[in-house]
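Protein chains: 2
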Amino acid sequence: MNRLTGLILLSGSAPSTTNIHYLSGFTAPDPFLFLKTSTGGYLLVSPMEKGRAEKQSTVGTRVFTPQDLGLKGKKTWNQVEQIRALMDVAGVRRLQVSHDFPVGLFHTLEKKGVKVSVDKNPTCPERKVKTADEISRLRKSQKATAAAMKAGIAFIASSGIGSKKDLYIGKEKLTSEMVRQLIHKTLIDHDCAGVETIVAGGDQATDPHERGYGPLVAGESIIIDIFPRSEKTGYWGDMTRTVCRGPANPELKKLYNAVKAAQAAALKAVKPGICADDIHCICQELFQKRGFPTMEKDGKHVGFIHGTGHGVGLDIHELPRVGKSGEVLEVGNVITIEPGLYYPGLGGVRIEDTVVVTETGYSYLAACPKKFELL
Amino acid sequence: MNRLTGLILLSGSAPSTTNIHYLSGFTAPDPFLFLKTSTGGYLLVSPMEKGRAEKQSTVGTRVFTPQDLGLKGKKTWNQVEQIRALMDVAGVRRLQVSHDFPVGLFHTLEKKGVKVSVDKNPTCPERKVKTADEISRLRKSQKATAAAMKAGIAFIASSGIGSKKDLYIGKEKLTSEMVRQLIHKTLIDHDCAGVETIVAGGDQATDPHERGYGPLVAGESIIIDIFPRSEKTGYWGDMTRTVCRGPANPELKKLYNAVKAAQAAALKAVKPGICADDIHCICQELFQKRGFPTMEKDGKHVGFIHGTGHGVGLDIHELPRVGKSGEVLEVGNVITIEPGLYYPGLGGVRIEDTVVVTETGYSYLAACPKKFELL
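Heads up: the protein sequence lines correspond to chains A and B, in order. Residue numbers for the first sequence follow my numbering, beginning at 743 and rising by one. Residue numbers for the second sequence follow my numbering, beginning at 743 and rising by one.
Any given hint could be a false lead.
[Unchecked claim] Listed next, the in silico DSSO-like pairs over lysine-lysine satisfying Cα-Cα at most 30 Å (straight line):
1. LYS915(B) with LYS974(A)
2. LYS817(A) with LYS1042(B)
3. LYS797(A) with LYS1066(B)
4. LYS853(A) with LYS857(B)
5. LYS814(A) with LYS906(B)
6. LYS1066(B) with LYS927(A)
7. LYS927(B) with LYS885(A)
These are calculated hints, taken from the structure and not from any lab test. Since the model is a prediction, treat every value here as computed from it, not as a measurement.
Just need the whole structure built from these sequences, with the hints factored in.
What follows is the structure, given as structure tokens:
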């Protein structure tokens, strides 16, 4: 990017919202503009965001309101006029936009004579490699996740088993919702917000994105997947454990042990220079060898039906992907390793940790025991 | 839209994500495609989302995975190939995209020979007028909001006042964070998730989007703005109250009474057929008359520095806007009425309710007392 070219980002779509957060330190619920030039960043926010933007934005970011740039009347909130005014104050003549920039606004800019093109490169490739500051923020979020996980598992462990295998807390049937509420409250105590946390038992757990509802049952696998965002820093945590209240049948235990072994093998392979695809293959091969195939059965995809992991940062899913991505791991990547197996009739198992890639391998962001049967 | 044209939406940007939710009943954390044709809707989701998508999607929506459409190998996750396969199965030849569609993917579609243009019309203008079902969902979210508001206010009211005007719960100083945590926990008990809830006192409250932090102080206005999303339905609530622990000085009381009067006057004007601008003007004029001007002072915008309200639904901010929008209210609109005044040194006051426009005027979605001084 030369001196006369700027990259304009509009918040409200992925990944521009978090790219702006990363580049400027600022984020807001309503759409706002950020112009990146070779010399710095320019935020355009509403008057009522200005104070907060000035406080939160990083060095090198200048904050403007439309009024500061001389926009008046109907022009004040016209995005084309705002972008033009930002270009003027920054002294740039040509614009690039990110891949996720809204096509409608792009066409309007073109029509109004703005020289604009789509930047072929990802906006913040450097986000893949976390700074020490970011790792410490991610560690805090992951510690909150582990605390909530332990609370949720202890709650299930404390339940009584009724005659029909229903679980009870006192006289009340234990439900996915009750466990989820406890987890979310624990996250709040750690300044994190949990949304869509998964507590899914039995066949519900065989649908990896089913959040889970209704009574939990003894002897079935229960997947708990917690991925909260820090209200303070915006960074996410991500962890999954699978438990079974009371004894599990031998086939379900075999399923659990296969996933546990796959996660251990995958983690062992994590180090700088390895291709993420290889880590994914390790899990695939181990499952195949242990007699847990991935296939379509009765119109449903069963087995290992998702990737092995993903990057975690200001987005819950970001680069590098740990699947068939061709990406090579680097020191400072923060990734999840989360193999899983899903067979309706038998159950679902997933075990996930978030780790940082180090010189010699990897390091957990937070520890949490892996124990299947809660007896 | 004719039989051979389809509208393609990609989740991940606003407002497409919630438009897909509205049209199909389905939503997911990761990007997915939805094709709307003259005869129905077509969801394209990953294999692991298929079960949930089939359960949650509305009548007339067909659910596919890339594999169902015959995509294999590298083509499986290529969005252009996915869109082409969806067009084939739906029998459409031409595509429209929404205004917020990513420009990068739009250009790739064009390059690959897909006949594609930007739809000039908003995707779901009907979202402005809520159905009875939607109103009942919004009412539930707003009742949760009111319950959390009452809990938060009762907590502040229960605090003791120390010799230096600090507030205490037992021996601990009462902070914004403590009130926010209690509010978020109460929301969880009502199946709602609160994020970025504002509990801001003193000069913090003069920055309308400042969330608030640190110790709260007696005799200062404290703005509490709660806007949770139902985890069950996806619909939002929105409510603001301003309180003062202990007596307020006469000038601060005047400020509060002006905002309360403005909200009452604005609400009185709400009815079908009125232009939203007129409601905004009522607040502006009342503030002017009572000696609370809107202006720039010491580089900061003070007074009534935001709109009077906004629509609430699957998005926290949606149409119709109650500001200088030119929009005419209709029966079934669900809007906030939330005038506010902000003067550093004196304090900030905002009072907000969410109401539904009825044949004869308006009706609160949930009730909650408005009382300033907590003595």
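If you test the structure against every hint from before, which numbers come out violated? Violated hints: 5, 6; rest satisfied.
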